[in-house]
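Fit chain U to the known structure of chain X by using the hints.
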Amino acid sequence: MRYQLIGVNHKSAPLEVRERLAIPESRLPDACRDLAAYPGIEEGMVISTCNRVEIVAHTTNGSADLRGFLHDHFHLTAAELDAHLYEFREKDAVRHIFRVASSLDSMVVGEAQILGQVKEAYATARAVGAVRGQLDQLFSRAFAVAKRVRSETAVGSSSVSIASVAVELAKKIFGTLEGKTVFIVGAGKMSELAARHLMAHGCASIFVANRTYERAIGLAQKFDGQAIKFDDLYATCDRADIVITSTGAPHAIFRREHGEQFLARRKNRPMFFIDIAVPRDVSPDMAKLDGIFAYDIDDLQQAVSSHVADRRKEAELAEAIITSEVEKFKDRFEARQHTLDVVPTIVSLQDHLEMIRQAEIDRVRGRMGTLTPEQEIAIEALTRGIINKVMHTPITTLKTAAKESEATTVVDVVRRLFNLHDKEATPADKKNEVGTRH
Amino acid sequence: MSLLWLRFALGCYFISLIYAFVALTRTSDLFSRIALQAASLGMVFHFVSLAEVFMAGQFVWASVHNGESLLAFLSMSFFMLIYAIYHTTSPGVVVFPIVFFLTFIAAVDQQPVLLTQYVSHKGWLVAHIILIFTGYAALVLSFGASLLYLLQERRLKAKKASSLISFLPALEVIDQIGYRSLLLGFPFMTLGLLTGSIVAVTTYGRVDFLDPKILLSVLMWAVYMIMVFTRWNSGWRGRRAAVLATFAFVAAIVAWAANYFSAIHRFAAS
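Quick note, the sequences are listed as chains X and U, same order.
Under our numbering, the letters of the first sequence match residues 1 to 438, in that order.
Under our numbering, the letters of the second sequence match residues 1 to 270, in that order.
Same shape as in the complex, but just chain X (with noise of 0.2 Å):
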């Protein structure tokens, strides 16, 4: 098992570190390409998340340079990065990668959405070919896990997203929620999410806005809200008490001046920035004002971490479980190893007796004279028949000794009773084998 990961999440680097590491969707494909074109590494994926940036790749070697993919790739120094970043190998990785998708590892643990979100950057990678057979076996298993750990614990039921968090703080803000009037800036899944929420608990009115004006006509015609022009946005949004913002601008799009101008007309009742973009959307020095309450997704997660007790319980059972999904990989994987370490022995073995099989067809054929149709197929059948009920043992035994990983003492018996030392397999035919293999 190759497999190697490095990153950086929510717990290991601040929101200031995780703004420069963040890979637009944009870039994702090509950072892909780059990755698994980085010495060493055979398969890469990217997964850029609001929360996290994880590199993972297999490797030649197991011990590729991905600091120093990532060094290259952002443009940062060791002592800027190395701090902030942790790594890991193996069955280490394999277990990071399951806890990631089975949204253990999440700032609001059993959310729903990274799961979504490893599958999109799952699919990306593979659609510019980063990703093939090994990474394939890790992620599909890896979504499987996370079924299982959504049907098996209670961890994903009580949703303490982000989006219900936001409700209860609104809620300390503005005691209740009646009346209230949501603007969206930036559509996206989180912010539809977070506003499905509010409006839930009695916000009347919803305004939607994004550079795409069509996307926010369709954000707002599902609220029965109100699509606002981007250049329009703020000259109208003081009327929205509560604001999610998630746009993908590179600087904050909410200023100081822009937060003195909405309190001025707004008569200083106080305004609440959901601010889940990363970079983020309103800058510090707005969110220092009286009567603007900006929370980033930082801030967030500090404000659920006392929900988290709760579920501590259930991550538990879903930490045996993964524990347990761990090893199961890591026999499936060197089974699956040891099978292909016998598959060129069997491919040696057909090709051998094949050889010696048309050898000997030729050798008899001349003295023959001229054959029928029916009777070529006759010696064809029979001759194919035997090497068949020959071969058939030895490649059982091989197949079986491979899960039993007694592989090599078996192959060694059989290429030296078949003298089958000349030829090695490929790479290549090992990843045709996975690939026709079930």
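Calculated directly from the structure, the hints in this document are not laboratory data.
Take these hints with a grain of salt, some might be off.
Subject to a maximum C-alpha distance of 20 Å in a straight line, what follows is the list of computed PhoX-like cross-link-like pairs (lysine-lysine) [claimed, not checked]: (1) X/Lys-328 - X/Lys-91; (2) U/Lys-159 - X/Lys-288; (3) U/Lys-122 - X/Lys-11.
Short derived list, chain X residues pointing at chain U, Cβ under 10 Å [stated by the list, open to error]: (4) Lys-172; (5) Leu-263; (6) Ala-264; (7) Lys-267; (8) Pro-270; (9) Ala-287; (10) Asp-298; (11) Leu-300.
Backbone N, C-alpha and C fix where the C-beta goes; we use that ideal spot for every residue, glycine too.
Showing chain U alone in chain X's frame:
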């Protein structure tokens, strides 16, 4: 006897006082219920004490002790009114210590300063005292609310997990409590000052604006009016509103203390 009831009331208020300090650091439903019961019981004793003095005809309206006792009772009534509407005991954090302090002074058997002048229109005097004290009580609540607003605002800004489980009501609820108390108190205060002027005019024939008591009272009223205006006009709240409320509150205390310097506004012994 009335003093005894008042001291019982004081005992009950003491329990609420402890709550006020504990509530600052942690939240306990049980404890806030106990504090509420204690405060209600205290009010019953307090009411009995006030009624007894009044029924016995001993109630001297312009006595410092009766005044403090009445103000404490009115503040507590405001607190209960807010509890009835908003189901929160948190204004107690500010109200309970003030009520305790007022009741404590009133319950200590000490002869106060005498109101030396003869007052010709007793009805106006009674109206003046009740109106002014209601205004004061509203101001106490408003002051309390503005402090709580600051506290809650700070908690929300600090973004600690505890801000979700804090004992404080929502920011806008605190704001409403403060604003409504302010709005309610203002007419009382204004009418109180007007009736006071009437008493002064009927007793002395004129209002002496240079008298420290009257000067300070007018100043306090002006601050009060500025508070109502800024709040209504530009929605001042939070830190700026708290500064104004503190200013008005201090002005009120100083105006009260001016009784000891004023030539015309003196109290009788109870």
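Cross-check of the supplied hints:
1. X/Lys-328 - X/Lys-91: OK: X/Lys-328 and X/Lys-91 at ~11 Å, within 20 Å.
2. U/Lys-159 - X/Lys-288: 12 Å, holds
3. U/Lys-122 - X/Lys-11: 72 Å, violated
4. Lys-172: 6 Å, holds
5. Leu-263: Check passed: Cβ of X/Leu-263 comes within 9 Å of chain U, closer than 10 Å.
6. Ala-264: Given a least distance of 8 Å, the restraint on X/Ala-264 holds.
7. Lys-267: Constraint on X/Lys-267 satisfied, holds at 3 Å.
8. Pro-270: Since chain U brings a Cβ to about 6 Å from X/Pro-270, closer than 10 Å, the hint holds.
9. Ala-287: 8 Å, holds
10. Asp-298: Holds, because the Cβ-Cβ distance from X/Asp-298 to chain U comes to roughly 9 Å (cut-off 10 Å).
11. Leu-300: At 9 Å from the nearest chain U Cβ, X/Leu-300 passes the 10 Å test, so the hint holds.
Hint 3 from the earlier list is the only one contradicted by this structure; the remaining hints agree with it.
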